[in-house]
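There are 2 protein chains.
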Amino acid sequence: MDLINMGKAAKQAAFALATASTQQKNLALAIIADELQANSEQILAANSKDIELGREAGLSEALLDRLLLNTERLNAIASDVRNVISLNDPVGSEIDHKVLENGMSLARRRVPLGVVGVIYEARPNVTIDIAALCLKTGNASILRGGKETFYSNMELVNVIQTALAKAKLPAACVQYIEKPDRELVSQLLTLDQYVDMIIPRGGAGLHKMCKENSTIPVIIGGFGISHIFVDQSADLVKSLDVVDNAKTQRPSACNALDSLLVHRQVAEQFLPQLVARLQDRVTFVADSSAQALITGAKQWREAQVGDFDTEWLSYTLGVKVVEDLDQAIEHMRVHNASHSDAIMTNDLNSAERFINSVDSAAVYVNASTRFTDGAQFGLGAEVAVSTQKLHARGPMGLEELTSYKWVGKADYLSRS
Amino acid sequence: MDLINMGKAAKQAAFALATASTQQKNLALAIIADELQANSEQILAANSKDIELGREAGLSEALLDRLLLNTERLNAIASDVRNVISLNDPVGSEIDHKVLENGMSLARRRVPLGVVGVIYEARPNVTIDIAALCLKTGNASILRGGKETFYSNMELVNVIQTALAKAKLPAACVQYIEKPDRELVSQLLTLDQYVDMIIPRGGAGLHKMCKENSTIPVIIGGFGISHIFVDQSADLVKSLDVVDNAKTQRPSACNALDSLLVHRQVAEQFLPQLVARLQDRVTFVADSSAQALITGAKQWREAQVGDFDTEWLSYTLGVKVVEDLDQAIEHMRVHNASHSDAIMTNDLNSAERFINSVDSAAVYVNASTRFTDGAQFGLGAEVAVSTQKLHARGPMGLEELTSYKWVGKADYLSRS
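Line by line, the protein sequences are chains A and B. Under UniProt numbering, the first residue of the first sequence carries the number 1, and numbering increases by one thereafter. Under UniProt numbering, the first residue of the second sequence carries the number 1, and numbering increases by one thereafter.
Because the hints were derived from the structure by calculation, they are not lab data. Note that the Cβ used here is the ideal one computed from N, Cα and C, for glycine as well. Accuracy of the hints is not assured; some may be wrong.
Said to hold, decoys possible - Pairs of lysine to aspartate or glutamate, EDC-like flavour, derived with a Cα cap of 20 Å:
no., chain 1, residue 1, chain 2, residue 2
1, A, Lys-409, B, Glu-352
2, B, Lys-405, B, Asp-96
3, B, Lys-98, A, Glu-382
4, A, Lys-298, A, Glu-268
5, A, Lys-11, B, Glu-330
6, B, Lys-298, B, Asp-287
7, A, Lys-8, B, Glu-330
8, B, Lys-409, A, Asp-241
9, A, Lys-238, B, Asp-411
10, B, Lys-208, A, Asp-192
11, B, Lys-405, B, Glu-94
12, A, Lys-405, B, Glu-352
13, B, Lys-238, B, Glu-268
Stated by the list, open to error - Not everything, but these chain A residues come out facing chain B in the computed CB check (under 7 Å):
no., residue
14, Thr-215
15, Lys-238
16, Gln-249
17, Tyr-364
18, Ser-403
19, Lys-405
20, Gly-408
21, Lys-409
22, Leu-413
23, Ser-414
24, Arg-415
Let the hints inform the model, and build the full structure from the sequences given.
Here you go:
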């Protein structure tokens, strides 16, 4: 099927899904979860084939691990789908309601977006994950996974199709672009007549490509340098715990700490303690302001141009001493704070100034940057983490897969 | 100044505006309103120059009227600015607030988008209108008006600059692209490093150009075929009033009625009455289903291919008889219902099915499509009318010029 026909079919399916009951959508989800487990042998066999081909193609062990499915991971995916069943269906709820002076009853009612296009890379779990979240919110989806997971995805799409058929939902509610041609991605990005939103799930290159080529609104996200500023009023002992957590709990995450800024008044006290605590695990990258206090570390080097613009995704930490909060804020503005940033402080005024002046999706007072996450925020599921400002910012849950329509009811009312 | 430097300056100004008090922003607005009236002679003289040049260039009388400023219109613009002062400042309010199980206090706080780029055509009032709405919501703006209003806009920008200086706000809070080169518009559309949102205010061609060339999120809107479906259960006498209002109150508006669909059961009764009422003002375009009931009209013609996809913006009305609600909904799906659509009915079930099945920004039960408007909806101001589904749909007020950030506060909390 060519992409225009996929788009048309998705739009038709979206009309049906938009009015499907929560019960019917949940039934499809329950069958997906069951079928994932009932067909685990086939799915794992297909995945083994992907792994084998990936190994032949020389993929790194890290990447192969992201491709890998096993019984435990498959059970976790099924469990995630069952969790989506338990979440509240946002479709049909009214955001606000008022009665106008002329007697019209006016409300904004939540509706599905329509058709969502998702372009992703290696992880096969995204196929089920996104399909489930889109189904729950009444959106048709067109999926394009990485070629490294082709055989796994074909099996997962079979599971989804079985569930759609059993739940009496149109097959085109979830479609998968099978052919590997890159040209098809470009085509998908210009199907604005049929597709309402593009979600790229992958590296910065994929996001850039989508932003530059799409005529459909794109959710950009996941990138940005994360900072912690340790203010002069901070509890330094407690701050050590938070900085440790932000840097080392999961260094490969996009909300892990990249750059630490320390107020000059407390740097001499704080930094040597930090070095003592982290030096077995962390490499410090210090600019001239911080070097004298870092030189005792087992592993450190001088900061080069660009280091404070680097998302480390590893056990590396940029360190800088600043004169005051203003200088910290200025540093963050220049060095692409947009994702998650925190201040350690006991000063109410510093806290509020930090919150209002740092232009990031999530700002924290005395908490780790690692909290930026749909599950941590109680959203129940995470579609993506947006670092743009339109539509949704930060972790996106089910509601962010919806739009609204204005609903006006009256007694044969004309405008005067 | 080149556009990259304009973008940088706007972003810097946006940081200052984001933390400006409502009082300071309102002061700037009050001065704009006062200066508009104090400088009316100069502004009207510049406008006369634009009108003169426009007449020499052979612009239509309709377009010249849109360009024209006079004392009355200038007073109306000043009055609109004073109205914006009276509106609630959305910045800083919290959308929701919760305390997580781990003790973190978490809220989403409304913040400005940052920098808004606005591209518009003839009307000089847009310059003041958009600058005022952006200032109120703490957004810096980069404006690009039509070359037909160059001299008027230069005077209006002077007024804005005077007000910014007197209110001690950075000059770059509102910038205007003076040079006429079309290339500059393309450059503006790719300044994604500095600009957060593009609002095109103009015809379908401008919207399409922005959608296709912008790497910045664009608010698309204002277009779509508006329908009324007269159900078999409708009060036909009252429906006549509503259809009349929707078609004739202001035919040039984007929410004016384009196509009327009538249930077969009531068509024989309703259409001749409609013809009798509207035939002195309206030309009917009827497809084969409706012709027998329309032929008595003073002005009518057979519908051609494309007529039901035409936004008339004039005293023309498409008419079609349909078998039932399903056929009406199907017609609307095929013929680009996306803006404002209404059903006339006394049947609760038909009303709910219509509301849920018609995928438009605004759907009405027993009310005129003409209500889709920021002022009518009580938003206080209208930035644009969006027909896309991301971020905002339908009339956009001040809130839709904001984003939010997540604000988490805790007692030195690490993620477990």
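A quick look at each hint next to the structure:
{"no.": "1", "hint": "Lys-409(A) to Glu-352(B)", "in the structure": "holds (11 Å)"}
{"no.": "2", "hint": "Lys-405(B) to Asp-96(B)", "in the structure": "holds (11 Å)"}
{"no.": "3", "hint": "Lys-98(B) to Glu-382(A)", "in the structure": "holds (18 Å)"}
{"no.": "4", "hint": "Lys-298(A) to Glu-268(A)", "in the structure": "holds (18 Å)"}
{"no.": "5", "hint": "Lys-11(A) to Glu-330(B)", "in the structure": "holds (13 Å)"}
{"no.": "6", "hint": "Lys-298(B) to Asp-287(B)", "in the structure": "holds (17 Å)"}
{"no.": "7", "hint": "Lys-8(A) to Glu-330(B)", "in the structure": "holds (14 Å)"}
{"no.": "8", "hint": "Lys-409(B) to Asp-241(A)", "in the structure": "holds (16 Å)"}
{"no.": "9", "hint": "Lys-238(A) to Asp-411(B)", "in the structure": "holds (9 Å)"}
{"no.": "10", "hint": "Lys-208(B) to Asp-192(A)", "in the structure": "holds (11 Å)"}
{"no.": "11", "hint": "Lys-405(B) to Glu-94(B)", "in the structure": "holds (9 Å)"}
{"no.": "12", "hint": "Lys-405(A) to Glu-352(B)", "in the structure": "holds (13 Å)"}
{"no.": "13", "hint": "Lys-238(B) to Glu-268(B)", "in the structure": "holds (16 Å)"}
{"no.": "14", "hint": "Thr-215", "in the structure": "holds (5 Å)"}
{"no.": "15", "hint": "Lys-238", "in the structure": "holds (4 Å)"}
{"no.": "16", "hint": "Gln-249", "in the structure": "holds (6 Å)"}
{"no.": "17", "hint": "Tyr-364", "in the structure": "holds (5 Å)"}
{"no.": "18", "hint": "Ser-403", "in the structure": "holds (4 Å)"}
{"no.": "19", "hint": "Lys-405", "in the structure": "holds (6 Å)"}
{"no.": "20", "hint": "Gly-408", "in the structure": "holds (5 Å)"}
{"no.": "21", "hint": "Lys-409", "in the structure": "holds (4 Å)"}
{"no.": "22", "hint": "Leu-413", "in the structure": "holds (4 Å)"}
{"no.": "23", "hint": "Ser-414", "in the structure": "holds (4 Å)"}
{"no.": "24", "hint": "Arg-415", "in the structure": "holds (4 Å)"}
Violated hints for the displayed structure: none, as all numbered hints are satisfied.
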